[in-house]
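Engineer: Here is how the chains run, residue by residue.
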Amino acid sequence: MADANNGPTFVLQVGIAAPLLMDNVDTDIISPIGKPPVPGVTDETRAFEPIRFFSDGREKRDFVLNQEAFRKASIILAGKNFGTGSSRAGAVTRPMDGGINVVIAESFGPLFYDNSIRYGLLAVPLDKEKIAYIAQWSRTNPGKSIVVDLERQEIKIPGDTSFDFLVEPRVREKLLNAHTPLQEVLRHETEITAFQQSYKQSSPWVYGE
Amino acid sequence: MQRRKFLKTSLGLGMSCGFLPAQHLLAQDDALGKTIYDKIWQAHEVAHLGGITSILHIDRMLLADGGPRTIERLLNSGQTIKNPKLIWTVSDHQVSTSSQRYTDSSLSLGTVVDDFDSLKPMLDNLGIRSYGIHDQNQGIQHVVGPETGLTQPGMLMVAGDSHTCTHGALGCVSWGGEYDMHPLLTGTVIREKARNMRINFVGATQEWVRPKDLILHAIATLGADAGNRCALEYAGPVIRRLNIEERMTLCNLAIEMGSATGMVAPDDTTFEYVSTREFKPSARYWDEAVSYWRTLPTDADAEFYRDETLDVSTLEPQVTWGVSPEQTIGISDIVPSPDNAPYEKRDAWARALDYTKLQPGSTIADTPIDEVFIGSCAESRITDLRLAAQVVKGRKVAPHVLAWAIPGSQPIKRQAEAEGLDVIFKEAGFDWREPGCSKCYGSNGDLVEQGKRSVSNSNRNYIGRQGIDAITHLTSTPMAAAAAIAGRIVDVRRLMSGEIT
Numbered sequence: 003m004a005d006a007n008n009g010p011t012f013v014l015q016v017g018i019a020a021p022l023l024m025d026n027v028d029t030d031i032i033s034p035i036g037k038p039p040v041p042g043v044t045d046e047t048r049a050f051e052p053i054r055f056f057s058d059g060r061e062k063r064d065f066v067l068n069q070e071a072f073r074k075a076s077i078i079l080a081g082k083n084f085g086t087g088s089s090r091a092g093a094v095t096r097p098m099d100g101g102i103n104v105v106i107a108e109s110f111g112p113l114f115y116d117n118s119i120r121y122g123l124l125a126v127p128l129d130k131e132k133i134a135y136i137a138q139w140s141r142t143n144p145g146k147s148i149v150v151d152l153e154r155q156e157i158k159i160p161g162d163t164s165f166d167f168l169v170e171p172r173v174r175e176k177l178l179n180a181h182t183p184l185q186e187v188l189r190h191e192t193e194i195t196a197f198q199q200s201y202k203q204s205s206p207w208v209y210g211e
Numbered sequence: 111m112q113r114r115k116f117l118k119t120s121l122g123l124g125m126s127c128g129f130l131p132a133q134h135l136l137a138q139d140d141a142l143g144k145t146i147y148d149k150i151w152q153a154h155e156v157a158h159l160g161g162i163t164s165i166l167h168i169d170r171m172l173l174a175d176g177g178p179r180t181i182e183r184l185l186n187s188g189q190t191i192k193n194p195k196l197i198w199t200v201s202d203h204q205v206s207t208s209s210q211r212y213t214d215s216s217l218s219l220g221t222v223v224d225d226f227d228s229l230k231p232m233l234d235n236l237g238i239r240s241y242g243i244h245d246q247n248q249g250i251q252h253v254v255g256p257e258t259g260l261t262q263p264g265m266l267m268v269a270g271d272s273h274t275c276t277h278g279a280l281g282c283v284s285w286g287g288e289y290d291m292h293p294l295l296t297g298t299v300i301r302e303k304a305r306n307m308r309i310n311f312v313g314a315t316q317e318w319v320r321p322k323d324l325i326l327h328a329i330a331t332l333g334a335d336a337g338n339r340c341a342l343e344y345a346g347p348v349i350r351r352l353n354i355e356e357r358m359t360l361c362n363l364a365i366e367m368g369s370a371t372g373m374v375a376p377d378d379t380t381f382e383y384v385s386t387r388e389f390k391p392s393a394r395y396w397d398e399a400v401s402y403w404r405t406l407p408t409d410a411d412a413e414f415y416r417d418e419t420l421d422v423s424t425l426e427p428q429v430t431w432g433v434s435p436e437q438t439i440g441i442s443d444i445v446p447s448p449d450n451a452p453y454e455k456r457d458a459w460a461r462a463l464d465y466t467k468l469q470p471g472s473t474i475a476d477t478p479i480d481e482v483f484i485g486s487c488a489e490s491r492i493t494d495l496r497l498a499a500q501v502v503k504g505r506k507v508a509p510h511v512l513a514w515a516i517p518g519s520q521p522i523k524r525q526a527e528a529e530g531l532d533v534i535f536k537e538a539g540f541d542w543r544e545p546g547c548s549k550c551y552g553s554n555g556d557l558v559e560q561g562k563r564s565v566s567n568s569n570r571n572y573i574g575r576q577g578i579d580a581i582t583h584l585t586s587t588p589m590a591a592a593a594a595i596a597g598r599i600v601d602v603r604r605l606m607s608g609e610i611t
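Chain order of the listed sequences is A and B.
Each position in the first sequence, counted from 1, maps to that position plus 2 in the numbering used here.
Each position in the second sequence, counted from 1, maps to that position plus 110 in the numbering used here.
Hints are supplied without guarantee of correctness; some may be wrong.
To be verified - BS3-like, lysine-lysine: derived pairs with alpha carbons at most 27 Å apart:
no.	chain 1	residue 1	chain 2	residue 2
1	B	Lys467	A	Lys62
2	A	Lys202	B	Lys390
3	B	Lys303	A	Lys130
4	B	Lys506	B	Lys455
5	A	Lys202	B	Lys192
6	B	Lys149	B	Lys195
7	A	Lys62	B	Lys195
8	A	Lys130	B	Lys455
9	A	Lys146	A	Lys62
10	B	Lys303	A	Lys202
11	A	Lys132	B	Lys455
Simulated from the structure, these hints should not be mistaken for lab results.
Between the sequences and the hints, there should be enough to build the whole structure, so can you do that?
Structural biologist: Next comes the structure, spelled out in structure tokens:
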């Protein structure tokens, strides 16, 4: 499983993009908790279990990763609010266990977004029209890959077109250079110490005084 | 009041010069009106990392069930916990809600009960407050924080659980999803600043219309992603009239609108609430704290990225019909048809109806149900339980319905029992249980039976959330209580007026 404390990296992904163009794909769909798994499910197929399988273990044919052209997808194309819901790490790590390293969506649930940075899955916000374009291209070019390049902040559809995207500068730095959050914070240790000394003086009640 | 001004430096780190130096941003900021979120953010900003990202000081870090073991692991690896007195831990998600749990620790998930018992001396020694099931303060973390006074206005607090936004009801900034080691080791987090959003609730609400109805209506109107990258402030005359527990319900569901956090500006209601709490500021600092808290409300000239006003004077009790909190209608409405959905939502509505097995065009009222769950960090506080008891008093739960009532914390349970609410619930046929998260999502094994239909006063109606193929209808607590009595989804107002039984 992906490990947040090892400073995961992301540089570039070449892979098949699977259209899952639903809004509000929530964390309980991506990674159910507390329920027994359906029969036959593996670590690679556990993500999206409730919309991927019937409870007897049969595959749901309309789920995109069950379709031959997209079984090996490493990129998901989604709608609004992908990963809405809880803070569970599995919402990011289970898709990663199944080979998904990029989600391109109109917007993301805030805690899924945080976890994506933590575990090194690249969450790319993109306009609906561009996502629809990539989805259409992927459907008409089954088995063909696109390129998601974090360094250049560019999605490239070979022989076709490319789209720029923008991620927060700190996220790009972190993922390209395998920084851990602890390393990032400790660079500012002097400022933290100064701040916290002064803060304790000005807000004693916060410390139980 | 000018407080806590610190020199902030821009990192630069090979970034283009398109980003303004932090000092410049700060000077510019000071010229503009600020929101409560801006003010609390600024008061906790240690360093700016470029873009919209900063390192922030944490006033409270809240750890749930795994907390004691996490601390032990860090100590065993030779690490030092920073600001241990600002950390606290409580057992809620994994504990059994059975009354047998005090004598049989195997009823709870994993080793959570024993961990809190055996590691308590270590935690006490560090000054980390811990509440396992044998402690008189144990309960659901987002009930316990405000109730004990560990949560206070103006604070920045973080936790792992997504409903940490609940604490914003006291006028603080709080969010979930923080479970890295660096907050424990440095007392700080790295965060992207959200945009400011406000919802003003105006009008006089009708009897039996609860904060859950306000927020479900807001999510249905604005969308489950309306708060994307926003910090959401609830404002307006309706909010001012709510007590702190009611404000917590609103803030609890801020995350269901995709918001980074939810807040209500502190006022006299807040200060009065905090003044009776165990861990309130001492008498020595009380006045200073309150005068600081009075500076926190949003300035009149502050600007919002998104500012909405909702008139709720005609709002009726709400109920969800689908698998997202935005799929909500009024109790007298009919189940919507995908044919009438906005184009981009057609598929989602059809999928939702396929799962919830409802017929478009039929009334949501009178839908037969199997289970009722009253509990959760959304609504399990004394105000909620009193209303539910008012509904079930002298009535009986429908014979085919399994109904649970779970007080949010041990203090609430004691208070409810002192008022005789437990007797009312039990005589009606409810199972009166011990504090914990329970069937809200069942990580402790409390699940809605496979394929059954549940009315729940919690906050998520996702596919499979409460159990395999379980169907969840979110409502207010009194609406859930009314459904238990009637054995079907009903308008609590009609039950209380005697119009239906």
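Engineer: Next, verify each hint and record whether it holds.
Structural biologist: Hint check:
1. B:Lys467 - A:Lys62: holds (18 Å)
2. A:Lys202 - B:Lys390: holds (16 Å)
3. B:Lys303 - A:Lys130: holds (24 Å)
4. B:Lys506 - B:Lys455: Status violated; Cα separation ~40 Å.
5. A:Lys202 - B:Lys192: holds (13 Å)
6. B:Lys149 - B:Lys195: holds (24 Å)
7. A:Lys62 - B:Lys195: Violated, at roughly 51 Å.
8. A:Lys130 - B:Lys455: holds (14 Å)
9. A:Lys146 - A:Lys62: Since the Cα atoms of lysine 146 of chain A and lysine 62 of chain A sit roughly 23 Å apart, the hinted pair holds (cutoff 27 Å).
10. B:Lys303 - A:Lys202: With Cα atoms ~24 Å apart, lysine 303 of chain B and lysine 202 of chain A stay inside 27 Å; holds.
11. A:Lys132 - B:Lys455: The hint holds at about 19 Å.
The structure fails hints 4 and 7 (numbered hints given earlier, in ascending order).
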